[in-house]
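Asks: The primary structure of each chain is shown beneath.
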Amino acid sequence: MKERAIDPSYALIIDHESCWGCKACEVACKQENRSPDGIKLIHVTEDGPRMVGDKPEFVYRVNTCRHCDEPECVEACPEEAIVKREDGIVILDEKACVGCGLCVDECPYDAISFDSERGMAQKCNLCYERVDNGLLPACADNVCLAHCIYFGSPDEIERVMKEKKVSRCA
Amino acid sequence: MSKFEYANIEREMEVYGYDSVVKSHCRMCHGGCGVLVYTKNGKAEKIAGDPDCPINHGTLCSKGLASAQLAYHPDRLTHPVKRSGSRGCGRWKRISWDEALDTIAERLLHYKDAFGAESVVFGYGTGRENEAVIYRFANLFGTPNVLTAGHFCYGPRIATSILTCGTNPIADYENHPRCIMVWGNNVVISNPDCYKGEPFSTALDGGAKLIAIDPRLTRIAARADVWLPLRPGTDAALALGMLHVIIEEGLYDKDFVENHVHGWEPFVRRVEEYPLDKVEEITWVPAQKIRDAARLFATTKPAVIQWGVAIEQQVNCADNDRLLMFLMGITGNIDVPGGQVLFKPPGIRNVGHFGAHRMLPDTQREKRLGGDRFRLAGQFAIINPKCVWDAILEEKPYPVKTLFFISSNPLITRGNAAEVYRALEKVEFMVVSDFFMTPTAEMADIVLPAATWLEMDYIGDFWKRHGYILPRRKVIQVGECRSDHEMLNELGHRVGQGEHWWDNFEQALDWILEPMGITWQDFKKMDYIRGDLLYQKYETRGFSTPTRKFEIYSTVLESMGYDPLPQYREPPESPYSMPELYRKFPYILITGRRLPGFFHTENRQVPWLRELHRDPVVEIHPDTAMKEGIQEGDWVTIESPRGRVRQRAKFFAGMDPRIVSAEHGWWFPEKEDLGHGWDESNINMLTDNAYKACDPAMGATHVRTLLCRIYPEDRS
Numbered sequence: 001m002k003e004r005a006i007d008p009s010y011a012l013i014i015d016h017e018s019c020w021g022c023k024a025c026e027v028a029c030k031q032e033n034r035s036p037d038g039i040k041l042i043h044v045t046e047d048g049p050r051m052v053g054d055k056p057e058f059v060y061r062v063n064t065c066r067h068c069d070e071p072e073c074v075e076a077c078p079e080e081a082i083v084k085r086e087d088g089i090v091i092l093d094e095k096a097c098v099g100c101g102l103c104v105d106e107c108p109y110d111a112i113s114f115d116s117e118r119g120m121a122q123k124c125n126l127c128y129e130r131v132d133n134g135l136l137p138a139c140a141d142n143v144c145l146a147h148c149i150y151f152g153s154p155d156e157i158e159r160v161m162k163e164k165k166v167s168r169c170a
Numbered sequence: 001m002s003k004f005e006y007a008n009i010e011r012e013m014e015v016y017g018y019d020s021v022v023k024s025h026c027r028m029c030h031g032g033c034g035v036l037v038y039t040k041n042g043k044a045e046k047i048a049g050d051p052d053c054p055i056n057h058g059t060l061c062s063k064g065l066a067s068a069q070l071a072y073h074p075d076r077l078t079h080p081v082k083r084s085g086s087r088g089c090g091r092w093k094r095i096s097w098d099e100a101l102d103t104i105a106e107r108l109l110h111y112k113d114a115f116g117a118e119s120v121v122f123g124y125g126t127g128r129e130n131e132a133v134i135y136r137f138a139n140l141f142g143t144p145n146v147l148t149a150g151h152f153c154y155g156p157r158i159a160t161s162i163l164t165c166g167t168n169p170i171a172d173y174e175n176h177p178r179c180i181m182v183w184g185n186n187v188v189i190s191n192p193d194c195y196k197g198e199p200f201s202t203a204l205d206g207g208a209k210l211i212a213i214d215p216r217l218t219r220i221a222a223r224a225d226v227w228l229p230l231r232p233g234t235d236a237a238l239a240l241g242m243l244h245v246i247i248e249e250g251l252y253d254k255d256f257v258e259n260h261v262h263g264w265e266p267f268v269r270r271v272e273e274y275p276l277d278k279v280e281e282i283t284w285v286p287a288q289k290i291r292d293a294a295r296l297f298a299t300t301k302p303a304v305i306q307w308g309v310a311i312e313q314q315v316n317c318a319d320n321d322r323l324l325m326f327l328m329g330i331t332g333n334i335d336v337p338g339g340q341v342l343f344k345p346p347g348i349r350n351v352g353h354f355g356a357h358r359m360l361p362d363t364q365r366e367k368r369l370g371g372d373r374f375r376l377a378g379q380f381a382i383i384n385p386k387c388v389w390d391a392i393l394e395e396k397p398y399p400v401k402t403l404f405f406i407s408s409n410p411l412i413t414r415g416n417a418a419e420v421y422r423a424l425e426k427v428e429f430m431v432v433s434d435f436f437m438t439p440t441a442e443m444a445d446i447v448l449p450a451a452t453w454l455e456m457d458y459i460g461d462f463w464k465r466h467g468y469i470l471p472r473r474k475v476i477q478v479g480e481c482r483s484d485h486e487m488l489n490e491l492g493h494r495v496g497q498g499e500h501w502w503d504n505f506e507q508a509l510d511w512i513l514e515p516m517g518i519t520w521q522d523f524k525k526m527d528y529i530r531g532d533l534l535y536q537k538y539e540t541r542g543f544s545t546p547t548r549k550f551e552i553y554s555t556v557l558e559s560m561g562y563d564p565l566p567q568y569r570e571p572p573e574s575p576y577s578m579p580e581l582y583r584k585f586p587y588i589l590i591t592g593r594r595l596p597g598f599f600h601t602e603n604r605q606v607p608w609l610r611e612l613h614r615d616p617v618v619e620i621h622p623d624t625a626m627k628e629g630i631q632e633g634d635w636v637t638i639e640s641p642r643g644r645v646r647q648r649a650k651f652f653a654g655m656d657p658r659i660v661s662a663e664h665g666w667w668f669p670e671k672e673d674l675g676h677g678w679d680e681s682n683i684n685m686l687t688d689n690a691y692k693a694c695d696p697a698m699g700a701t702h703v704r705t706l707l708c709r710i711y712p713e714d715r716s
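So the protein lines, in turn, are chains A and B.
Take the first sequence: its position 45, counting from 1, is numbered 45 in this note's numbering, and each next residue is one higher.
Take the second sequence: its position 36, counting from 1, is numbered 36 in this note's numbering, and each next residue is one higher.
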């Protein structure tokens, strides 16, 4: 197994099985980050409906920065405006961004937006200032009525999600 | 139960340097959630859910989170205005509150004197918890006419539940229902009435079985163990079919039926008229699926039905509500933990008492508009909107001269919008109290600036049936905005009702709370009060109905001259009731699916909420779209026998291709013209409000299903 360059202390994990598409996370993010109209740092989209065999399928997908282990956006940025911290959070420094848009093209998850008015890239910085002050990111701070957005240690989240899955199917 | 990660309030205060945090109670919708309002320099800076609140456990929806953006919106009305020029000319003059209230008082008294108090009609929409105070004012003034959404929203549940079992049975999510049947409801988007998406969601994560009754594949339907995609408007037939299975297979609670039900024998005979093959033909749902759902619901205990407004905006309104209650009742799920509980409210002066219904003289009550036609509605002080428009336009049975709308936008929300427009154009005097200059407010003579929930003290959920009351604490003041309660208290003094009102509205709150031996100041220090929690109260006291039984055969409806047993009526405009029309209008249009961020006509000017959903969207099956030459994202024309509107097409494969699903509540605050595009995408340009298309008992307008055609906008 490949050794991780950085051992992430944090992860933001979304349990898509539970998500209802209510978009409270989108507005909680707006309230905290005041991103401009049209720029969504977290974005809920529909997947389906479609028939899978004889079972109809329809889920919501919540898209936001994955804070990748080896972020392609960091590699792509000529200005070193995007950095991955020791704790795993990938931060885009708006002040250092020159608006070349290369990170937007490189992101495999389509999780970086371009603010054409201000000429800069925008993405979820995982509310790092809140995290550094012992607070949860806005979207994960118990807004979600489905309790489907988790923030914390990846192993712990895995465990909670597994428990939830078992109890859901009990 | 899930473990909740609670908000760290102290840390939040420190880090952001907030001055204070106020616990309050949101009112961005018909529900109400506990909230925390963080303030800085006297301004509301951040809104969060209150983790200690038993209603929402700290979670909060998009609307609640955006409350401050609404409160501080630059377009907010912040002082009273009067029209200077002809009706709807869009020119307004700022006036003082004194001038506004004096003028209104003088006009109200003038019309009362000249045409009788009944010529003055008050109205509210889904309400800012102003229901009780508006009824109080109207009853004391002597008018029996308060036009609300009550004919087709929540009012029917209250009326029919009082008839059946004494009060509205509420899903007891706290005690782990093992089966949830969601019937025409998207609780996770709308958070309606006494229910919130959060406890529902938590119950599902706890392993509850799920049955979904919905023509559309919502996410709830996609997660369901059984999904019944019924033909729109056939809910009553489907419920009768399920009851048929439960009775035929002996899956009902025999003890409950034997000891606590009135009218079992005739009811069984009625249900026998709905065998499954017939129900399948009516509902388009395969008989086996109906059987599966009925068995699952009847044999999994405790079970609840998550119901709501969709089944009420139909010609079968009252019977739909009753049938779902019968499903709850005969399966033994009424008033048991984890079932459907008849919660007791705290011992305060209740909404009916505060509403002063007994102060309305009988001679005036008899004049209630539509009271002889829609007799169940009349009994509950509810009127059908068309009765008001007719009284304005045709002066029958008497002229209505004044409309006073408080948080209501009937031009968008009521059936047959073109007729509503004509009535608003003609009425002699109209007052509107609201947050913004809505298309309805643009037609008024005087517009008053109403306070949001952030700007008032009140007893939250005063009117609800879940057994809680929660303090709504004033956090901010915006301009000269006043709560509807304060406004009507002031106006009460000016129309000679002074003895029945108070020096200030805080004294009214004291009066409401008095039987509990507390004042508003005491209550303000509490998180909430819950009524006594007792189950199966009927074992000792019976039900609060004329027979003391669970009335499946309604003695009250019988005495009013209605069928005491439930029945299915074919929707007034359907492929079967109007086959000729169906050839020209070959799709079933359903209206009003719920969207995050909006509350009926509200919030389209709030940036964070409009960003969630920019345009009115009509869902159309991809096969249908191909047939009609419609591309995804096209603006299309939806046409009914009554008119045309435009919405944007979105492909949606999760419904029968014969169904088209349009949104309701649309107007465009950003449009400069005076109507703000009220008739462009407003689905009520298409709906019918004819009396014969309304529920015969409740007067519910059948706005949810009709026939339409749909085509690209450039092809007329």
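One should not assume that every hint holds.
Quick list of the computed label-pair ranges, beta carbon to beta carbon [unchecked claim]:
{"no.": "1", "chain 1": "B", "residue 1": "GLN567", "chain 2": "A", "residue 2": "MET51", "range": "31 to 37 angstroms"}
{"no.": "2", "chain 1": "A", "residue 1": "ILE13", "chain 2": "B", "residue 2": "PRO546", "range": "23 to 29 angstroms"}
{"no.": "3", "chain 1": "B", "residue 1": "GLY633", "chain 2": "A", "residue 2": "GLU72", "range": "44 to 50 angstroms"}
{"no.": "4", "chain 1": "A", "residue 1": "SER167", "chain 2": "B", "residue 2": "LYS525", "range": "36 to 42 angstroms"}
{"no.": "5", "chain 1": "A", "residue 1": "VAL52", "chain 2": "B", "residue 2": "SER577", "range": "33 to 39 angstroms"}
{"no.": "6", "chain 1": "A", "residue 1": "SER167", "chain 2": "B", "residue 2": "LEU251", "range": "23 to 29 angstroms"}
Derived pair list, reagent style SDA-like, types lysine to any residue, alpha-carbon separation capped at 25 angstroms [as the list claims (entries may be wrong)]:
{"no.": "7", "chain 1": "A", "residue 1": "LYS162", "chain 2": "B", "residue 2": "LEU210"}
{"no.": "8", "chain 1": "A", "residue 1": "LYS55", "chain 2": "B", "residue 2": "PRO361"}
{"no.": "9", "chain 1": "A", "residue 1": "LYS40", "chain 2": "A", "residue 2": "LYS162"}
{"no.": "10", "chain 1": "A", "residue 1": "LYS55", "chain 2": "B", "residue 2": "VAL226"}
{"no.": "11", "chain 1": "A", "residue 1": "LYS55", "chain 2": "B", "residue 2": "ARG530"}
It should be emphasised that the hints constitute simulated quantities derived from the structure, not laboratory data.
Bear in mind the structure is a predicted one, so any value in this text is a computation, not a measurement.
Backbone N, C-alpha and C fix where the C-beta goes; we use that ideal spot for every residue, glycine too.
Asks: Please go over all the hints and tell whether each is borne out by the structure.
Replies: Results of checking the hints against the structure:
{"no.": "1", "hint": "B:GLN567 - A:MET51: 31 to 37 angstroms", "verdict": "holds (35 angstroms)"}
{"no.": "2", "hint": "A:ILE13 - B:PRO546: 23 to 29 angstroms", "verdict": "violated (56 angstroms)"}
{"no.": "3", "hint": "B:GLY633 - A:GLU72: 44 to 50 angstroms", "verdict": "violated (30 angstroms)"}
{"no.": "4", "hint": "A:SER167 - B:LYS525: 36 to 42 angstroms", "verdict": "holds (37 angstroms)"}
{"no.": "5", "hint": "A:VAL52 - B:SER577: 33 to 39 angstroms", "verdict": "holds (36 angstroms)"}
{"no.": "6", "hint": "A:SER167 - B:LEU251: 23 to 29 angstroms", "verdict": "holds (27 angstroms)"}
{"no.": "7", "hint": "A:LYS162 - B:LEU210", "verdict": "holds (20 angstroms)"}
{"no.": "8", "hint": "A:LYS55 - B:PRO361", "verdict": "violated (59 angstroms)"}
{"no.": "9", "hint": "A:LYS40 - A:LYS162", "verdict": "violated (29 angstroms)"}
{"no.": "10", "hint": "A:LYS55 - B:VAL226", "verdict": "holds (10 angstroms)"}
{"no.": "11", "hint": "A:LYS55 - B:ARG530", "verdict": "violated (43 angstroms)"}
Hint compliance for this structure: hints 2, 3, 8, 9 and 11 are broken, all remaining hints hold.
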